Amino acid sequence: MSNIVEIKNLEKSFKNVTAVDGISLNIKEKEIFGLLGPNGAGKSTTINILCGLLRMDKGDVKCFGKELNKKLREIKKDIGVVPQNIAVYEDLKARENVEFFASLYGLKGKELKEKSMEALEFVGLTEKSEEMPKNFSGGMKRRLNIACAIAHKPKLIIMDEPTVGIDPQSRNHILESVKKLNSMGSTIIYTTHYMEEVEAICTRIGIIDHGKLIASGTYEELQNLVSDRKTIVIESDIGIDANEAEMKKIKGITKIFSDENVISIETNKESDCIGDITAFCRENDIPIRSINMGNISLETVFLSLTGRSLRD
Amino acid sequence: MKTLSIAKKIIFRSLRDVNTMLIMCAMPLVLIFVLGLAFDTQIGTDTRIDLDEMHITYSVVGEPGQISEGIEGMMDELLTEGSTYVEAEDKEEQIEKLRTTEITAYVEIDENTSTIVYYKNNKVNTSSSILETALRSFAARYNTIYEIAKVNPMALQGIVSDDVSGNYIEEIGLDEKYQPSAMDYYGVVMAALFVLYGFMTPLDEEITDKSAGMTARIATTAIKPTELFTGKVLGYVTVSSIRTGIVILISRIAYGVNWGDKPIYPLLVILALIVIMTSLGMLLGEFFKSVGAAAAASHMFIAVTAFFGGAYMALEDLGPIAEVGKYFSVIWWVNSSITAQIYSNDYSNMIKTFIIFGSLSILFFGISVLIMRRRRVNIYG
Ligand SMILES: Nc1ncnc2c1ncn2[C@@H]1O[C@H](COP(=O)(O)OP(=O)(O)OP(=O)(O)O)[C@@H](O)[C@H]1O
Ligand SMILES: [Mg+2]
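Protein sequences appear in the order of chains D and E.
Oh and the first sequence: position 190 is 190 in our numbering, straight run, nothing missing.
Oh and the second sequence: position 330 is 330 in our numbering, straight run, nothing missing.
In short, the hints are calculated from the structure, not lab data.
In this text, all values refer to a predicted model and were calculated from it rather than measured experimentally.
Note that beta-carbon positions come from the ideal geometry of N, C-alpha and C, so glycine has one too.
Among the hints, a few may not be true.
To be verified - Which bits of chain D does chain E cover? Going by a derived footprint, with three or more residues having C-beta under 8 Å, they are:
1. 49-62
2. 67-80
3. 88-98
Could you build the full structure based on these sequences and the hints that come with them?
Spelled out as C-alpha cells, the structure:
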C-alpha cells in the first residue's frame, strides 16, 4: 500500500511553545490512523499543518505524493477536515450547511444535492435535514460537523477529536461511521485522547506527547513494545483469595492480584501456563466461570513510555 | 460557483435574521417620517418668498380660451395685494427670472393641447404650494394635463432648451401626502445613515466566523482566496442593497420622498456608499477580535459621521467645526452630491464622491486581501 501522507521531521513552534518537535510518520492508503496524545500534545497543530491552516517551521510533508507547500490547493480538494470544535452555521439548515461546504469543494447542481443528502443520511440526520443546528443536541451537531466534511467523498478524512463531549450512543454512532467511511475507501486520520476509541477503530496508531511521536504501529506492535507480560483474568463463583499464595507458585506467573471472586494473573509472555492454571483450579475445587486473556491497554503503553497518565 | 456559494450563504443568513432586517428597514422609515414631519418648516427657510407676495408670469399658446380665462379668474381670487399675475413673452427670460427668484412661478398654458405647465423654482416650492394645489384641482376639474417643471437655480443649461419635455418636467399626481423638503432631506439622509449601520453586518459576521472556527474551516476547503473574497463582497453588498432598496422604495411610495428625475444617479451614490461601508466592515472585521469592542467603536464612528453628515439636523447653523467636519462624513458627501444632482443638476460633488469612495474602497479591500493572504493562524484546536 502506498503512503497517502508522508511527514518528515516536522517542526512548529509558537512564541514560546514547541508544539510539534520533529515528527516523522507515514500514513498508508486505507488506514484508520489514530493520533493519540494528551491535551496539548501537538495533535491539532500537526493536523492544521496538514490541511494548510498553519505554516510549518521546518520539515517535509507530502500528501498523495505531492509536496504540501507547493500543491496545497490541489491536495485540499481530496481532503475532508472535521475540525475539533464544531464549525457549522447555527442559522443554516443542516442540509444547507452540508451543501455549502460541499460546494466549496466544487460540487454543484444535482450532484451537490444528492451527495449532500447522502452525507446527511450517512450520519443519521436525514430527518433533521431541514432543521437549524441551533436546535440540535451536542451529538447531532457533532454528526453534522462530520457530514460537512465528507459529502465531496474525499480520499483522506482528517478528524480532530470528533467525539469530544457527547453521549455514548452518539459516540458509538460516530465510531461506526468512521469505520464505514474507511471501508468505503477513505483513509482516515483520527486524533483523540480517548484510548478506547483508538483501540476500537484504528488500524495503526501514533502516540504523541510534547510534540514528539513516541511510538507508532498496530495495537499489537505497541503492546509488544512495552511489555513482555500477559494478563489472565479468571472469574469464579466462589471467593478465591485464600488460594492466592499457593497459585503464585505456578511457573511463569509473576504477579497475582485477587479481589473476592476475580483473580488477575500476570505471566511471562513466553510461558504458556494457562493449562497449569486451569489444572490448579480443578484440583482446588475452584469453579471457573470465565477466563479472559487480558490485553495491555494503551493507557499502560502510554504510561510506560512517558511515565505519565494519558488522562491528565 | 464557489464565489456564489459564499455570497448566497451570506445573503440567506442575513435575510433570515428577521430582527436585524426589521431594525434596518423599519427604523429609517420611522425616522424619515418623524424627522420629516418635525423639521418640515425648518429646512431652506432662508430662500422662501413670502406667501402674500407672489409674482407669477404666464404665456398662452393658441387662442386664449376656457383654460387661460379660468386660471386668470382663479388667480384674482387667490392672489393677495402686492402680488402680480402678468403675461410674458419670452420664456427664456422668465426661466432666468425664476432662477434668480425674481418671480415665483411661470405658467405655460397651451389651449390647443389643454396643457398647463407649471414652472417653479424648487427652492421656493413651499411658498407656491397653495398655488400648486389650486392649479392641480383646476386641472383636475377641467381635465387638462398638468405638469410641474422644476427650474434649478444654479445650472445654466437645461430647461432653456426649446423642448420642455422629459427630464425637466415632473408630473405630479394629486397626492395629498406629498411633503416637500424635510421629508426629501431625511429620506436621503436616513437611507445613507442606515447603510452606515449596515456595515456592522460584515464586521460582526467576520468576527464571529473567525471565533467560531468557520473562517478556518472554509480555509481548509478548495476555495481560492480570491473566490472567497469576491463572494463575501458580493454577499455583503447585496444584503445592504436589499435593505436599503426596501427603505428607498417604501420611502418613495409611502412618503413620496423625492429621488429626483434621474434616480439612477442618487442610487449609484448610495451603492458607492454601500460598497465603501462593506469594505470598511470587512477590513475592521480582520482587526477586531470581539464583537463587543467592534460594536462600541462602530457606534462611536457612526454617531460622529451621522452628526457631521447632518443626519439628525441640517448642518447649516453649526458653525466652523461642522464646516470642516462634514468633509470627513460619508453621509455629507452622499447627501450633498445627491441634493445637488436632484435640485441643481449639479454633478460636481457626485463625481468627487465617486472618486473618494472608490479609492477608499479599493484601499480598504486591498488591505483586507493582504491580511487574508497572510493569515495562517491556528484558529481552532
Ligand atoms: N495558535 C497558537 N498560539 C500559541 N500556542 C499554540 C497555538 N496553537 C497551539 N498552541 C500550543 O501548542 C501546543 C500543542 O497544541 P495542540 O492544539 O496541537 O494540542 P492538541 O494535541 O491538539 O491538544 P488538545 O487535545 O487539547 O486538542 C499546546 O501547548 C498549545 O498551547
Ligand atoms: Mg487538539
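Indices of hints not satisfied (ascending): none
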